[in-house]
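Asks: Take these sequences, add in the hints, and give me the full structure.
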Amino acid sequence: MKALYFAWLRERVGKSEEEIAPPAGVATVGDLIAWLSAKDETYAHAFEKKSVIRAAIDHAHVSHDAKIAGAREIAFFPPMTGG
Amino acid sequence: MNAVAKPIIRVQREDFNAAAETEALRQGRADIGALISFVGLCRDEGGTLEALEIEHYGAMAKAEIERVAGDALARWPLLGLTIVHRYGLIEAGGRIVLVAAAATHRGEAFAAANFLMDYLKTRAPFWKRAHLVGGALGDWVEPKSADDEAAARWN
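Chains as they are written, first to last, in my numbering: chain L, 1 to 83; chain Z, 1001 to 1155.
These are computed hints drawn from the structure, not numbers from a lab.
Treat the hints with care, as some may be off.
Stated by the list, open to error - Not the full set, but computed from the structure, chain L residues with beta-carbon under 7 Å of chain Z: (1) Gly30; (2) Tyr43; (3) Ala56; (4) His59; (5) Ala66; (6) Met80.
What the hints assert, rightly or not - Here are the simulated lysine-lysine pairs, BS3-like style, with alpha carbons at most 27 Å apart: (7) Lys50(L) with Lys1144(Z); (8) Lys15(L) with Lys67(L); (9) Lys49(L) with Lys1144(Z); (10) Lys1062(Z) with Lys2(L); (11) Lys39(L) with Lys50(L); (12) Lys1006(Z) with Lys15(L); (13) Lys1144(Z) with Lys1062(Z); (14) Lys1062(Z) with Lys67(L).
Backbone N, C-alpha and C define an ideal beta-carbon position, used for all residues, glycine too.
Replies: Structural data, given as C-alpha cells:
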C-alpha cells in the first residue's frame, strides 16, 4: 500500500510518499503507526505525538482503530488548519 | 419547494472572484431570499506575515469538502452552495476560501455558512505555513482548540 505524509509529518519523515508492506499482524492504523515508529529514529520522532496524528484511508478520515486491510492509500498528517 | 442545487466545489491554486461566484448562484432565479457569502483572507499578523503556504492533500480535498457540503445540505434546505478553497502561496491580504450559501430565508443561509466554515477548518485536508516578512520561513500554523470547539457545537 502507499503511505502519504503531509505538513510537518512529511518534513520529519523526510518524504511525501512511499510504498510500505506491513506484516500480517499490523491490523489497524494504530498498529501501523507503531510499526512505522519502530523502523528507525526518524519515524519514531515523526510519530512521537501519536495522539495528534490524523489518518485517512483511501481519501476518507479514519480513527486509529480503523482496520487497514484492503487499503490502497493511507495518509498521515497533523490536525488540519485550512479554511 | 425547489430542489436543492448540486453544490459547486473547487480546489484551486488561482484566485477567485467572490462577487462573480455569488452572482452566478443568484442569476436567473427568483426563489432565493438570502445569499450569504463568506471570504476567508490571509492576515498579515500585525505586519509580520508576508504570505501563507497552503499545503493540501489533492486526492482527498475535494472529496472531503463534498462530504462536508453533503452534511450541510442534509441539515438546511439550501437553494445553492459554492465552496472554493485555494492552495499554494497566498500573500497577506489575499483570498483563501469562499463559502456562498443561498436559501429561502437568512437563518438557514447564515447557519449553513457558519457550519461549513467550522467543518472546513477541522476536516478539510489543508495545512498552513507562515512565510515571514524578511523572507524567513515561519512555523506551521497551530490548530486552535477554539476551532474544534466551534465544530463540536454542531453535534
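Asks: For each hint, tell me whether it holds in the structure or not.
Replies: Hints, verified against the model:
1. Gly30: It is violated, given that the least Cβ distance between glycine 30(L) and chain Z is near 20 Å, above 7 Å.
2. Tyr43: violated (19 Å)
3. Ala56: Holds. Min distance 6 Å.
4. His59: With Cβ-Cβ at 4 Å, under 7 Å, it holds.
5. Ala66: violated (15 Å)
6. Met80: holds (6 Å)
7. Lys50(L) with Lys1144(Z): holds (18 Å)
8. Lys15(L) with Lys67(L): At roughly 24 Å apart (the allowed maximum being 27 Å), lysine 67(L) and lysine 15(L) satisfy the hint.
9. Lys49(L) with Lys1144(Z): holds (17 Å)
10. Lys1062(Z) with Lys2(L): Holds, at roughly 20 Å.
11. Lys39(L) with Lys50(L): With a Cα-Cα distance of about 15 Å, the restraint between lysine 39(L) and lysine 50(L) holds, given a limit of 27 Å.
12. Lys1006(Z) with Lys15(L): violated (37 Å)
13. Lys1144(Z) with Lys1062(Z): holds (23 Å)
14. Lys1062(Z) with Lys67(L): holds (24 Å)
Hint violations for this structure: numbers 1, 2, 5 and 12, all remaining hints satisfied.
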